[in-house]
Amino acid sequence: MVITGAEIVIRCLQEEKVDYLFGYPGGAVLYIYDELFKQDKVRHVLVRHEQAAIHAADGYARSTEKVGVALVTSGPGATNAVTGIATAYCDSIPLVIISGQVPSAAIGQDAFQEVDTVGITRPCVKHNFLVRDVRDIAETIKKAFYLAKTGRPGPVLVDIPKDITAQKCEFAYPETVSMRSYNPVVKGHHGQIKKALQLLLEAKRPMVYAGGGVVLGDAADKLTALVRKLGFPCTNTLMGLGAYPATDRQFVGMLGMHGNYEANMGMHYCDVLLAVGARFDDRVIGNPAHFSSEPRKIIHIDIDPSSISKRVKVDVPIVGDVGEVLGELLALLDNTAEKPEPQSLGVWWKQIEEWRRRDCLKFNQGEEGLIKPQFVVQKLWEVTGGDAFVTSDVGQHQMWAAQYYKFDKPRRWVNSGGLGTMGFGLPAAMGVQLAHPGSPVACITGEGSIQMNIQELSTCKQFRLPIKVILLNNGFLGMVRQWQELFHGNRYSESYMDALPDFSRLAEAYGHVGIKVDKPGDVEGALREAFKQKNDLVFMDFQVDPTENVYPMVKGGQGLTDMILSAEDL
Amino acid sequence: MTSLLRPPPKSSPELDANWLRELLVIQKNTNMRHVISLLIENEAGALSRVSGLFSARGYNIESLTVAPTEDTSLSRMTIVTSGSDDVVEQITKQLNKLVEVVKVVDLSESAHIERELMLVKVRATGKDREEMKRMAEIFRGRIIDVTDASYVIELTGTQAKLDSFVGAIDSGLILETVRSGICGIGRGDRVLKV
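Residue numbers (the working numbering), protein chains in the order written: chain A, 1 to 570; chain B, 1 to 194.
Looking at chain B on its own, in the form it has when it is part of the complex (with noise of 0.2 Å):
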């Protein structure tokens, strides 16, 4: 699984789509990755129920990300989490028992968009300069702070293709880096709604 997982080659990131598409119809019942959207109540407390279900019941997260909805009694949380298809099902259904959880889906049993944010700092001097402003234009990033030295290039997209930014660039003019995690919608008509 670990090599299926790797990401796309580093010259066409805009092979993400493809490369995704190819990894969800990999056979079940392996440590697949899902994305699992749920509405919480916003209240005191709540996030920690759900990371406290996950330690507690030995499920993985990958990543987690919460913030208010439009309607701001409710929060909407997206995990990335792994597991094999009976694990993944226990997940939802714990999620579910937890007395502030509205809703549960699993969105990666249908289509769905998933995008993340990163911040990274990289040391821009001499050639490099140039070279970091022409990968953040390729990966369609933008450079949204400037010093002699340094530039801050956001860049948003799927997991795999801001790994490949990454890896794109000289890993030695990396000074930081900062990601969102995930934040997962499903397609179309699907809506997560109270």
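So here's chain A without its partners, still in its complex pose (with noise of 0.2 Å):
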């Protein structure tokens, strides 16, 4: 039997066992919209812009480990759509992205709606397809969660001309599709592996350095196993945060720029580095000619070649898949004698207590005056025991969600590492509701970064998501201000909005309950008031200390080792 293009591209989706489609309708998709109004399996979730369609699909996905998708019409819907897909291609995440064309015979005629979508986001994809014949569609379809999912995952566009949803032809969807020029490499080099675990058991002053991959490759419970064994610290990144237990006494914190005294300066002075699924980012090792200067041995485990010596000379690569190499690593451990040398190691572990007492993350809350913006996270941590899923924005707030909120479990702490996205906090967040009903989720925001995508709150009022917003209203895009004022003699420069809305009020006019708390001893009872509405979702605007800072900081282009740890520092 033969049915139309727009037919086969939902019965691929529903192939796929695609519960949500999130997007937005519009010219160039109406047939496929058409087919999606005929059947139930594949729902969809109409968003308020295309930006935050890819972002909860986005969210979806790093919530969970399925594929994101998202539907978004030609032209605008497609130049929406290019900051979410950028936000995903930088972290890494597995999204299809079918967006509507013009008909072919208007490609190339400045048609109404028209841009070059596959040129466009060609530099942000892992690849993209334009679809030329209705006979391609469901090949296309099947090799863009292929390619999404396997390998380093990252988002795929499969654009599709209106024309060909209209067309008709016999369906059958490919059980498996392979391509020539595409193999990811799986498991590790086996000698690569047993050098590695040697260098490790002959390890003095060892560090385990764990970002994205391993909760991208589903591995922190081998990383975990294999940290433990050896007895070593661990230090996880951004994006890593829960791909090791915060809570764990062997976890050093998050590294970086805003990280850690501890893991900063274990990560500088170790002298056996196991890199697992990260890519010592600028914003990881700060100056990579500060960071050589110190001699270590580094392995590094990644399934994408490219990331391995591409900042930093790795003496012991190892391309594959982290849980598979991890793994391997494990047995080997179990099949030897040896073990670390636990007196050196004690050593180690004195120095690093020692770091470890300089407390770099301590603040002070008072009892009356300002509420500072750290205590509201580690309530939030508290009252949630630790088991939310928080999403944030972009800004101090997120450095704050990373540094207070102690994640133990992988998957639970979603937002934009590499791209930086503003405004990526609350579409994620419906994501991520959509994916784990019943699941307390928190999107933790700042009052410049909501206001990019404050319009899904009638998203969320429309399918009834119980997201937690916690905004810590400090009145100034915080991190700016902060630079200025660390770096540009305190002159703010369009880094105070006037004329902020009464966001509980707007809240509510969207149909959702808002508080607005501004002392300190009124958080706690918030937060857990605001956990226990079930079915709505609660807007807090928490007023907090519009003076303060993220430390310990490193300075851009600066060593790792070179931290400011608070303000008495400058």
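DSS-like mimics (lysine-lysine), calculated; alpha carbons at most 27 Å apart, straight line:
1) A:Lys313 with B:Lys103
2) A:Lys195 with B:Lys93
3) B:Lys93 with A:Lys187
4) B:Lys97 with A:Lys187
5) A:Lys149 with B:Lys103
6) A:Lys142 with B:Lys103
7) A:Lys142 with B:Lys97
8) B:Lys193 with A:Lys187
9) A:Lys149 with B:Lys97
10) B:Lys93 with A:Lys149
Far from chain B by the CB rule (all over 12 Å, computed), these chain A residues:
11) Lys66
12) Gln109
13) Asp110
14) Asp218
15) Asp271
16) Phe531
What follows is a list of derived Cβ distance ranges for each label pair:
17) A:Lys195 with B:Ser110: 21 to 29 Å
18) A:Asp116 with B:Gly167: 39 to 47 Å
19) A:Arg491 with B:Gly167: 51 to 59 Å
20) B:Gly167 with A:Asp315: 41 to 49 Å
21) A:Leu46 with B:Gly52: 28 to 36 Å
22) A:Met1 with B:Ser51: 37 to 45 Å
23) B:Gly58 with A:Lys313: 15 to 23 Å
24) B:Gly52 with A:Lys313: 22 to 30 Å
25) A:Gln14 with B:Thr177: 55 to 63 Å
26) B:Asn60 with A:Asp116: 21 to 29 Å
27) A:Lys313 with B:Ser51: 25 to 33 Å
28) B:Asn31 with A:Ala289: 15 to 23 Å
Bear in mind the hints are in silico, worked out from the structure with no lab data behind them.
Source: prediction; values computed, not measured.
Yeah, the Cβ is synthetic: ideal placement off N, Cα and C, and Gly gets one too.
Take the two lone chains and join them into the complex the hints point to.
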């Protein structure tokens, strides 16, 4: 039986067991929306802006092991989606984006709502396709899902001209797909893994540095087992939080620009570094020349060969799926009587504990006066028992969330790490909440970021998403203000927003519960009250200290050991 | 480096091979010239994926040639680029990462042959007419178009040979030139195939 291209698209999504499709209709995708209407397996979530559709699919993917799926129309639908696509690309999130395109005959004619979507998105997707024949739709969508989730994951876009969705052909969904040009490595090189183990066993000052790849590769259990068995200290990147339990004694905190003192010092002065699913980002190691000035052996496990020896020379590269490689390392470790030498490891731990005693995350919350933003995050962690899904936007609040919410499990922390996209938090929380109905989902945000996608409060109402929005409102674009204070002579150029709305009343106007909190004593009560409301979105506007800065801080371009620990260091 | 990259002496175009060999032993980690050859799915947009990668990551492209192979589902590309060893390692890794790229080799890692085609239109009047013919013969070029006042000379060889031809003739007589960019292939048993 022949069916239309539009029906084929929906049938493919059903075959891929897509339960939520985030999107926004428009002229070029009308046939697809018509088919969507005729079925109820794939549920469509109507957002208020295409960027939010991609972020919501992204949040859905990050908090599950599944591929997030979005549908947008041609032209502005596709360009609005670009920020979302780039966000997912920078953090290697598996997404499939279907975009409508003007009819084949109109392509290149500057038609209404025409843009070269494949051209515009090319640098920020893992791969993209323009479907030119209705008979290619099924295989292309199959390939898109395959590419999105295998190897180093990433967003894949399928652009389908309107006429193709109206044409008909036989439908058969391919069971498997293979591409001669695409064969991601899974198993690591055995010899290299043995070499790595030897180095680890001989290490005197070891450090394990785990990134988002461990979360994406669902290898947190194996990493935890390995680190515990070796007795080594472990640090996570911003993207890796939850890969190793944050409340464990062997965890030394997040590292990097706003990383813990003990993590950064340990990273710099270790003699053997095991890097797993991380990429020595500029926000992580600061200045690569400074980082390399201290001699150490580096083992790097990553699925993407181009991540290895990109910014830092590596001694033992292991290309492969982090779960596979860690599993093999564990098996080898089980079969050897050798153990890391306890004496030198003890000396190293003593040093780390000494660094830890600096208590770099301490802050003073007075009983009166202004609420400290760190205090809100700490209370959130307590109130939710450390078990909530937390999304964030970008800026100071993001760093405080990362520093003070101790994630013990992977896929609980959802933030835009690579691209740093303001406006990510709320739509991402929608995807997380849909994927985990009944679980507490908090969106930690700032008054700058939330306004970049605040229209999604409407989507939250329509789909009854009981997200808890934690707004750390300091009246400033805080991270910009912090840099201006530290590096631009206190000239707060355009980092102050006058005329902010009353957010709690704005939330109420959208049909949600709004709370304004301005006393430290009310913080915990407000949070407890909010999380009791299982069916309502509660928007909490915390009026926090506008002068607070994020510490520790490594200035851009400086070495990891050059940390400003508090305002007194300035 | 730039001084080492100057063309060989004008009078001896046959010295190309020696000159290139010398170039190859120049110490590593300087901005070495590399010839990268790759097989890519012959699909719309494949070329822009490659060129986009080079511009997005700030890699140099000195020349890039592309055409379908005997298997028309594949195109072969020859890219001349330059960079330190680290940069060229990243270039080959990033190229390999492109989903449509099937295989990548750095031809300049071992013995290989490079050829480029150049068409030069020159003024050929009076005494220059005979001189141009003589120069074309010396460089083993062919005159493929003749008018009262001009020749088009076809010349194939390494980049350096073509450079030296352009250097050897009176620049005032050159009306226009067009070069293909180089094609490269490994010597002997080295084969780039699926």
